[in-house]
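If you count by full-length UniProt numbering, then the sequence shown holds residues 1 to 682, one letter each, in order.
If you're looking for bench data, these hints aren't it; they were derived computationally from the structure. Note that CB positions come from ideal geometry on N, CA and C, so glycine has one too. Check each hint, because a few of them may be wrong.
[Unchecked claim] DSS-like cross-link-like pairs, simulated, lysine-lysine; straight-line CA separation at most 27 Å: (1) 576 with 30; (2) 253 with 238; (3) 576 with 326; (4) 253 with 343; (5) 30 with 343; (6) 113 with 78; (7) 113 with 253; (8) 326 with 363; (9) 78 with 326.
[Unchecked claim] Have a look at the derived ranges for each label pair, beta carbon to beta carbon: (10) 506 with 119: 30 to 36 Å; (11) 119 with 224: 53 to 59 Å; (12) 584 with 304: 26 to 32 Å; (13) 308 with 544: 37 to 43 Å; (14) 144 with 35: 43 to 49 Å; (15) 304 with 465: 30 to 36 Å.
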Amino acid sequence: MGYRLGVDVGGTFTDLLLFDTSSGAFWRHKTPSTPHDSSEGILNGVTAICAKAGITTGDIDYFLHGTTVATNAVLEGKGSRVGLVTTEGYRHILQIARSFVPGGLAGWIIWPKPTPLAALEDTVTVKGRIDAEGNEVRPLDEADIRTQLGLLKAQGVEAVTVSLINAYVNGAHEARVGELAAEILPGVPVSLSHQVLPEMQEYERTLTTVANAAVRPVVSRYVSNLRDRLAAEGMTGKLSLLRSDGGLMSAQKAEEHPVNILMSGPAGGVTGAIWVGRNAGIRNILTLDVGGTSTDVALIENLEPRRQRTTEVGHLSVRASALDVKTVGAGGGSIAYVPELTKALRVGPQSAGAVPGPAAYGKGGELPTVTDANVVLGYLPENLLGGTFRLDREASTKAVQTIADALGIDLMAAARGIIDIVNENMFGALRMISVQQGYDPRHFALMGFGGAGPLHVNAIARLLGAWPAVSPVSPGVLCALGDATTRMRTETARSFSRLAGQTEASELIAILAEMAAQTRGELLSDGVPENEITTEFEVDVRYAGQAFEVPLTISAEVLEADGIAGILARFDAEHKRLFTFNMDTPHEIVNLRAVALGRALDLPAAELPKGDGNPAAAKMRDHTLWMDGREQAAVIYDRAKLRAGDVIPGPAIVCEMDSTTLIESGCVGTVDAVGNILINLA
């Protein structure tokens, strides 16, 4: 018997999903998040879900966790005070940065540069130099290093970063500075750039390592606190955290390299969607994860999510692999308003959040939100969760009426306007990850999850032309499901920087084999059995003279069989898809990466009993809602009572514990073998 518990901590709710790996049975639970100390909410949830399943915390083998602790520390500027040690002459590396200025034409006039994560007064330089080939040009001056580290100690830094020029080819100097730092600043965590990111481009390398150091104390406190509290409850299983790239890392590794968990939160939904797709037989998926404040979208091709080499959080862009997730400020709590100047309706990005929440929640919120518009139109029935949670329809009507009055139109038109605009915002984000990257959304299914995803998925599928629109099983806790079903992953990178014409395949294979051994060793030390580890390679290629490269995934077998020419042919095809042209310029191989993966859990989805296609047994009551400019008769169904093969004609509403699915008029929903609702045009 084995139990895996997935836990996803969001801004409003903490979601838990407990999986019995032998039977495929699962239990789900939602509990309010406790922002002052997340572990409190997590423990409330753990106690409740174990009681539901009739097990003790000691029965849980794996505790898998997606968290926004590191993300929020960066967004709120609450990282630790970092001291930076760099090579003499490079003191202003973080101030010079890259000459990228966001914003419109006047951005350069009014754009205040974000404050660097390590202040100039906390930056010291040391004598000593390694050249680009990795040879020592000037030895380290240890007396000088001790003096400089003493200055950092006097400044009271809480974490130290060592990033010396050319350390990516030879980390010996950094390692020595690290040893001295451990001696002079005992108890202060030290991050070395050649361990965090052994790649060329010293600004990106330094920034990534400084970001790592900045969130390290915060993450470390959080993880050790959580570990202690779980242990006190009798939990002996393994604690792992979800990486930004959708893999898992042990809690220990996360404490040392927290830069890899900056996008841990949204990654859970994407890995959950892959699990649902595998069980439903859908291989190409656009994901639509709609929460209270924001919507995350991602693209999955052939059950592989698109990854990117940078993690972006607010202003910060660091070199760490992440799933290619785009976020827009559009969610159930987004506030609708009419600006005085333009008299045109706007929705978001401001959100009513968990407190006071939408007017419908009856917690004192008075501003009109997307949730209120859904209530007014009849898309969200008043009794949710089997009547335990009542929505205040009158408060919603009052809130939305303020918009109707400001625009001089009737109530229903105003409510529908709010929904149309928020759908259009989500549609825009989906276009960014599909059309703008050379993918045709009509070749993908659209999967809506999170609390409000299934309410909007039908309308957005219509805008995109992406069918079927999928409402997965337990959409509200899909992120936690993703945490519970993903696999261990670790990677290492190295700069290569040579023209393809001057490179032998055997050279590449030798370096990649060495990198593979290193990543396998890391997973072995995390307790992954040798026979379950697989290795993948990535090679970054560009045309000589280009400033950015295209990452290609490749296996050792393919490299041996097709050689360098095989890689270049794949690069040309990918370049053509992204940019519609190729060049006659020579190719350059820039970076190499090795990825080691644990076994993917082949968790089965529980099958539903088969029905005769008629959903009458699940019918709760008749209902009227407003759609296509008129009032229409609809039916409300209970999702728990639907059977496989049931066909639900729109307009209809399907209610369940953690979400509500809307099937529009002119569309029809079919329940598949494992309980997903697939919506298509009638």
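Now the hints, each set against the structure:
1. 576 with 30: Violated, because 46 Å separates the two Cα atoms, which is more than 27 Å.
2. 253 with 238: holds, 13 Å
3. 576 with 326: Holds, at roughly 23 Å.
4. 253 with 343: violated, 52 Å
5. 30 with 343: violated, 40 Å
6. 113 with 78: With a Cα-Cα distance of about 18 Å, the restraint between residue 113 and residue 78 holds, given a limit of 27 Å.
7. 113 with 253: Violated, at roughly 32 Å.
8. 326 with 363: Not satisfied, since the Cα-Cα distance of roughly 31 Å exceeds 27 Å.
9. 78 with 326: holds, 23 Å
10. 506 with 119: 30 to 36 Å: violated, 47 Å
11. 119 with 224: 53 to 59 Å: With a Cβ separation near 27 Å, residue 119 and residue 224 fall outside 53 to 59 Å, so the hint is violated.
12. 584 with 304: 26 to 32 Å: Holds, since residue 584 and residue 304 (Cβ atoms, about 31 Å apart) stay within the stated range.
13. 308 with 544: 37 to 43 Å: Taking Cβ atoms as reference, residue 308 and residue 544 lie about 23 Å apart, which means the hint is violated.
14. 144 with 35: 43 to 49 Å: holds, 45 Å
15. 304 with 465: 30 to 36 Å: violated, 23 Å
When held up to the earlier numbered hints, the structure conflicts with 1, 4, 5, 7, 8, 10, 11, 13, 15 and fits the remainder.
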